[in-house]
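J.: Let the hints inform the model, and build the full structure from the sequences given.
Chains as they are written, first to last, in my numbering: chain L, 135 to 401; chain P, 1449 to 1780; chain V, 797 to 1378.
Calculated from the structure, these hints are not laboratory results.
Just so you know, nobody snuck in bad clues.
Not the full set, but computed from the structure, chain V residues with beta-carbon under 7 Å of chain L:
{"id": "1", "residue": "937"}
{"id": "2", "residue": "940"}
{"id": "3", "residue": "971"}
Derived list of chain V stretches under chain L, where covered just means 3 residues or more per stretch with a C-beta under 8 Å from a C-beta of chain L:
{"id": "4", "region": "835-848"}
{"id": "5", "region": "948-957"}
In this text, all values refer to a predicted model and were calculated from it rather than measured experimentally.
All C-beta atoms, glycine included, are put in the ideal place defined by N, C-alpha and C.
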Amino acid sequence: MSYQIVVCGSIVPDPLQTLEPVSGPTGPSLKNEMMLPSVLDPWAWHALFEAAHLAKNVAGSKVYLVSVAPKAKLQQVMMTVGQKAPFELIVVDGPSSGFTDAAEIAPLLAEAIKGIPGLDMSKLLVFGGWESASRGAGSTMQIVGELLGITNQFQGVDKLTVGADGSFEILERIEGGKHQVSKCAGAPVVLGWATGSLPEPPNNPQIGMQNMRAIMPALQKAKPAKVATDAVKYASVALPKQQRQTKIVKDLPADEIAKEIVAWING
Amino acid sequence: METVLLLTHADAGKPALEALAAAIPLKRDGGTLVVGLFGADVQPFANEIAGCGATKFLAVTGAEFTQARYASDAAAAEALVKASQATIVVVPATSRMNRIVSGVAHRCGGRADTHVTGMANGNITRWYYRQRMESQQSRTQRPWFIAIDPGCHAPYSGAAGTAATTPVSVSLPTITTQVTGVKAPESSQQTIRPDAKLLFVAGAGWTKKQPDGQAHVPEAAELIMGFLNATKASLGSSKSLVDLSGEGQAVLPFMSHLNQVGQTGSTPRHPKGLSTCCHGEEPHAVGWRFIGERRAINLDANCGWARGKADVLYVADAFEVMRKVNQLLGAR
Amino acid sequence: MDVDIVCVGFGPATAGFLTTLSRQLPLPDGTLPQVICYERADDIGFGVSGVVTRARGIKASFPDLDPTQIPMCAPVAEEKVLYLLDPHGASRRSLTLRAADALLKPVAKHHAFELPYIPPYLQKHGGFVMSIGQFNSWVGAQLMGTGTVQIWPSTPVAQPLIEDSKVTGVRLVDQGENPGMDIRAALTVVGDGPVDPVGRQLDEKFGMPEGHHKHDYAVGMKFVVNLPEGCPLKPGTVLHTLGYPEPEIFGFLYVYPDNVASLGIFVPSWFDSPVRTAYRYLQHWMLHPYLWRYLNGGTLRSWGAKTLGESGKRGEPHLAGNGYARIGEGSGSTNVLTGSGVDEAWTTGTQLAHAVLELLKYKKPFTKENLEATYVKRRRESWVEQEGRVAERARDGFHAGMVTGMLGMALAGATNGKINLPVETRPAGGHTPSLGEYYRDRIPADEIEKIRKECAAKGVSAHNELMNRVGWPAIPFDSKLLVSHQDALLMGGKVQAPAGYADHVVFLYPNLCERCGTHICVEVCSGQAITPGEKGVPAFDREKCIHCGACMWNCATPHPEDSSRTVLEFGAAPGGLHSAEN
Chain L
135 MSYQIVVCGS IVPDPLQTLE PVSGPTGPSL KNEMMLPSVL DPWAWHALFE AAHLAKNVAG
195 SKVYLVSVAP KAKLQQVMMT VGQKAPFELI VVDGPSSGFT DAAEIAPLLA EAIKGIPGLD
255 MSKLLVFGGW ESASRGAGST MQIVGELLGI TNQFQGVDKL TVGADGSFEI LERIEGGKHQ
315 VSKCAGAPVV LGWATGSLPE PPNNPQIGMQ NMRAIMPALQ KAKPAKVATD AVKYASVALP
375 KQQRQTKIVK DLPADEIAKE IVAWING
Chain P
1449 METVLLLTHA DAGKPALEAL AAAIPLKRDG GTLVVGLFGA DVQPFANEIA GCGATKFLAV
1509 TGAEFTQARY ASDAAAAEAL VKASQATIVV VPATSRMNRI VSGVAHRCGG RADTHVTGMA
1569 NGNITRWYYR QRMESQQSRT QRPWFIAIDP GCHAPYSGAA GTAATTPVSV SLPTITTQVT
1629 GVKAPESSQQ TIRPDAKLLF VAGAGWTKKQ PDGQAHVPEA AELIMGFLNA TKASLGSSKS
1689 LVDLSGEGQA VLPFMSHLNQ VGQTGSTPRH PKGLSTCCHG EEPHAVGWRF IGERRAINLD
1749 ANCGWARGKA DVLYVADAFE VMRKVNQLLG AR
Chain V
797 MDVDIVCVGF GPATAGFLTT LSRQLPLPDG TLPQVICYER ADDIGFGVSG VVTRARGIKA
857 SFPDLDPTQI PMCAPVAEEK VLYLLDPHGA SRRSLTLRAA DALLKPVAKH HAFELPYIPP
917 YLQKHGGFVM SIGQFNSWVG AQLMGTGTVQ IWPSTPVAQP LIEDSKVTGV RLVDQGENPG
977 MDIRAALTVV GDGPVDPVGR QLDEKFGMPE GHHKHDYAVG MKFVVNLPEG CPLKPGTVLH
1037 TLGYPEPEIF GFLYVYPDNV ASLGIFVPSW FDSPVRTAYR YLQHWMLHPY LWRYLNGGTL
1097 RSWGAKTLGE SGKRGEPHLA GNGYARIGEG SGSTNVLTGS GVDEAWTTGT QLAHAVLELL
1157 KYKKPFTKEN LEATYVKRRR ESWVEQEGRV AERARDGFHA GMVTGMLGMA LAGATNGKIN
1217 LPVETRPAGG HTPSLGEYYR DRIPADEIEK IRKECAAKGV SAHNELMNRV GWPAIPFDSK
1277 LLVSHQDALL MGGKVQAPAG YADHVVFLYP NLCERCGTHI CVEVCSGQAI TPGEKGVPAF
1337 DREKCIHCGA CMWNCATPHP EDSSRTVLEF GAAPGGLHSA EN
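T.: Have a look at this one:
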């Protein structure tokens, strides 16, 4: 049994960048969005690592990365991502903004997946982040699954184990720091990954070189996608102001501080 | 005029009561409230909220709906939404509802908003870019699914009674997934506990050299564990402490990336937070957005906490203070 | 892996090289040589600096360059050079300077004296102020769009591969258990900047040309700032300062469009202080009354620091050898008289590209002889060389003090480099006095020792305490522009380090570090990544390193086997600053 593992993932601003919303005719966006350094969405990163790991262990499997993002930005990100794992890139030239509705992005992803030559639903594993670091909605993957007719869907996945009979054991994050364990007969499935359990693979320029041979043409081939921006009406988008009046307590003996803290905890 | 549906699995508990409280005001101007429940047995919860003013209690019941599983849950939810003819569907953002909400919205020709933290004047409030900007927004498309984050509304507390439920039938697809159990973290494992009253954050300072020139990691671990056992607090960490563990240094054995709070970690929600040996720098403090009262213990009177990020900063040695705190709490 | 051309570092020089080269690819015969560039930083444009430049070379490459197409770029509109007086009396000033200060005080405004005349060699009229980070991102995006060259960020090069005096490619840095890959190439282009971790290895192997050395450096530290609303500074404004916070420290403020400014200081190696911290001095500089009236209420957008090679033409290595060529700042292209480096670096890159295209056209190999006949020849005939020669000894005077230094610059500038002050230069770290010597008139020796011990026990550098002690006022932190050093790292520099790499700062002889009385590496560290460590051997935290390289040349302990090196090894590694605004 081999798999076609499709990872859905877009790009987000490098997590430590200073972000500021601005509003324009098509709704809110980030100030200087096209110049902000970007990275692959961290949740999608984990999904990609898991996909690469699985593909390595199951002979004949192949990883695809389907991304809806501005292709000019994607190119730069792929130089780094491309070194981590072998995959085939499929690009839809569209927005990576968190303010674009998930329901607008999902059909683009689903169409791109349906367009994979030789797509075999009985081998299809659709991976993605359980949320994005931009929209943070946790909505896109479900809709992609619905559009592909997949009802074995799992969210907040930290572990996927393939059994000898081809079945999957899947650990999903649930309340209280616990995991729900499910047994699923097999493909097709949709897995929205949380952090997974694998460390970041080291950069491998050899894999990168291989990937780049296909990534450059994929970027050139990417078609611009039309995305509606009228689904959500934004009344305001603002940075929160949370400056407190800090009381600084100096020169108080540890005993007294401890008493204060205990009273505060119990209060 | 909206038809508002509270849609939930019947064992959701408090988050469902909170979602109900959020749903009730939405039926203003002559709208109606409908409750849609699914699960093995929905009657106890229906009775608990019998007085909520719902015109109908729709129910999908059966053994298939015991398990939190996409295929059966989505089918149940779809049937309930369609039967209710709801224009607004309010759901509690439990892991079980989060798994299906946008898929069900798609099936019903609607749209979903998730992680909603508040509602006012026809707008919902939610956050973007990892809790870094807050939006007020609305939709005209119906049905509009709204998943209410737990801990953002006071739970509904109306009178209980006996609710008359209307069964709704569901056509299930072939089920090929079975939930086989729940894996709890080992009892020694400390994580973010969403239900805890207090977030305790340990910073990298715990593992650094102390004034005597030595690091005291075992004692740090003991103090932190003692405190957590006594208070059942949620354990968070700064990025630097978690990163240390990645580099193979001597660090606290019970810390992992799951504990990390901040811009590249989580943004937990607790009424109180106590930071220790952490400098309260901006990317970490961002993760404290939903922490109510904040206090910090740090040797540096000039750390980030001092500058508007905490309510109280104790300039003191956390080892010393926490020893005393644990004594007072009667920790072993 | 085999490629045709491998480049080390993507700065302005390599950007110029690849821009010129890619325009002629594929070659007329239809072949597409494989060209790869490895950049250690995690993205294109991270960790470089804001500049004012005449942009002669850049404009030659982009004759229709429209500054509005590049964020943070504006034509130079107004230039001022200011001599700043010390409003606190805390700086260390010679008697000559104190006399000058007394004379100027009555005519100074806001404790500053505006020089009535800017020497032509310092003028930048007709040029641009711009963020090289944004410029490089812009160029990089265009380059990658051509599909003819590849630029790999986050991929540091460990060393050149040398066989029989021929450079045959490069070896990438190991990551964890994965050994770095060998990339074999017919031509290795070394453009790894002022700290040149690969270039230095070539210098060790092939030596420097007679009489050439890299003695002079500076660390430039800057903020990119959202100026307060209503700030009267117009885009294109260029302010240069001298005299404060210490006489040897220069400052700059360049105004970009949209009320944004890039500003900072240069702390040069000839500033003889064992506590030459850039961060604390930068804060005092911003707080100078002349500048603070513009900056008060502004907010930090970005922060960073880098080393500047200040040896210029004197630091020029062998420009070409069998299989390799050197371009940019590390190749001695910076003009130390005009204070210009980016444009020169860019131009050397374009010169090499023309040479490479010529050699490819005639199918000639990349031998030392062929590269000298094409690349080095072009360089020698260009304005970069001619002006570099004028500047060659212009800064020597600074080794004898600030006033002598200014005099030397004026002399060299006025005589086109024909007359220079006869001052002997010394290696950068070689003349650092001990703390006791430096503070001998101001703090008793036993007190210095006490402060040092207390700071070491706390694991922090001593400069803050020592500066407080000699009268520098406390910094009034405001959480916006005046923030702690660590907040600058996180809020401004967004400093990160990918996992799995070994430390790239190594203390080669711990026993010598134990005996070192200054530990200037701890004091100068731009990211507080080097701290007092066990038994007096400093500790290094790669999570905080911003790769400025200042520790390498500031180290006051010479290598026991090679006096041109220090006992602190600084290598290439990924990570560091994650801001492309600088």
